[in-house]
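Residue numbers (my numbering), protein chains in the order written: chain X, 1 to 182; chain B, 1 to 334.
Read the hints as simulated data drawn from the structure, not as lab findings.
There's no promise every hint is true.
Which bits of chain B does chain X cover? Going by a derived footprint, with three or more residues having C-beta under 8 angstroms, they are [to be verified]: (1) 193-202; (2) 222-233.
Pairs of lysine-lysine, DSS-like flavour, derived with a Cα cap of 25 angstroms [said to hold, decoys possible]: (3) LYS142/X / LYS203/B; (4) LYS158/X / LYS203/B; (5) LYS218/B / LYS158/X.
As the structure is a computational prediction, the values presented were derived from the model and not from experiment.
From the three backbone atoms N, C-alpha and C, an ideal C-beta is built for every residue, glycine too.
Chain by chain, the residues run as shown.
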Amino acid sequence: MTDHKNHQIPTAKPSSIKTRFAIKFLRAMNKLNNKNKNNKNTMSEKHKRFLAIRAAAHASMASAVGPRRAWSRAVLRKIPNQQKQLHYSLMNKQRTRRRNIRRNRILLITRGNPNRENYDHEENEDEDEEEEDLRELVPGGKEMDFCRLLNETAHYIKCLRTQVQVMTNILHHSSPSNILYK
Amino acid sequence: QSNGEVIVLFFFGPYGGFFLPLRLGAADLTHFPTDPAFIERAARFSCFSNGGSFSEMVNPLTILDPLNPRNRAVGPVVGPNEVFLGNGSNPLKDEKNGVDLGGNQSDGAEFSRSGEREVSNGNGWKKRKRIEKKNENNEAQQTCVETTEIRRNPRGKNGNLEPQGSDPPKEDYIHVRARRGQATNSHSLAERIRREKISERMKLLQDLVPGCSKVTGKAVMLDEIINYVQSLQRQVEFLSMKLATVNPRMDFNIEGLIAKDILQPRTGLSSSIPFPNDMTMLFPPFQPTHMQAPSTAWEDEFHNVFRNGFNSSSPPNNSQDLSVTLPGHMKDEI
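With the hints as constraints, model all of the structure from the sequences given.
In structure tokens:
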């Protein structure tokens, strides 16, 4: 029953991010399908559907992760869903305040001299562009310091991967004739 | 059990240490545990001769320069059960025996314990100091890896033996040890912390991003990371597009799908999609008139699938649309 690939198969725990995302995404898909009962099948409809599905994917991923991560918070903020925003803000007011206090101290210590003349001058020039790019890619990346950005990127990559896996699975199962050969 | 001997408790407190002579009476002995091991050890040490005055004892202590940032322990290191009995001045630090010196209890963590040592004479005492110092240096170097220590109270250069039982105040300072031969400028220290953290994170990322084990250097690594993130995002877009075209009506059986979803995906999209280097916008070329000339085969795939999805309500028969692993295989015209 289990496919044995070269790598191990991680068994998902019932409450892992993977399953949470899968559940939310499937629910969203069902909602979308129910809405679109009249199958117009025009291009614009499909386009809208695509946009909705993509938005649903991002939103369900972010809500599966929860407000623990800066990137997920940033995504959740963009959702025009009042309920979610309320939930997020209620949960996080105190936590972020305390965290911000601590973070400010650390930033004060670690940022140190903003001019930074002596140390890694060359390194800075080379990497600033890429840093910028990365900040644009990762949601919410513009307001973090670099260290935090790397953290968030790592988690974001993991979540993106699970997202791709789950969506691929859904595709496979829902339309068996549309087999994607290697 | 010797009566009439003076037990001198030397305690290295925040003010440099104080000196607490205790007169042992019979009643006082109840403070000490009466286990035979302890008594034996005490008896052994009672032969510690009154080699010198207190000042002589103090001098060896200054070898452990409390101002030296490399030293972690600043006081005489004694195992918990060692008791120096003798006349005159013998340092003793005794935690577990319930001898409460009041005020500042010594903090076990502050003193580097090198195990119980036995001193048989005055020379041995000095020898032990040197050994301690060496050990401490070794330890300091070994613990260089963790260069940050978080103390609850801002700690001066000499050991503060604040009681650590209280709740930590809200102020958290990150204290860093300067390693040997490195600048202790506060800025450079902060820089160093930052750099180490960053390199740590980069290593983690290296493990995450496939194919990055050979890459060294921050800039290239960042490039790879950026590419990978971009490709993952594109994959998600592609998949959502596929889902949009393929499933207009079906209702998902959530429970059943969840059970199956836990398995790893079959060899499909995730492994076969190369990392495309360049991809222009997927969906401005929505209507044929707006389509740009596809520059990569990657785009060909997308367009082909899209078109096929539109033209027929049934899924496309040609399964070659997504079988591309190398660019250049797909040469479909738009």
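Can you list which hints this structure breaks, lowest number first? Per hint list: zero violations.
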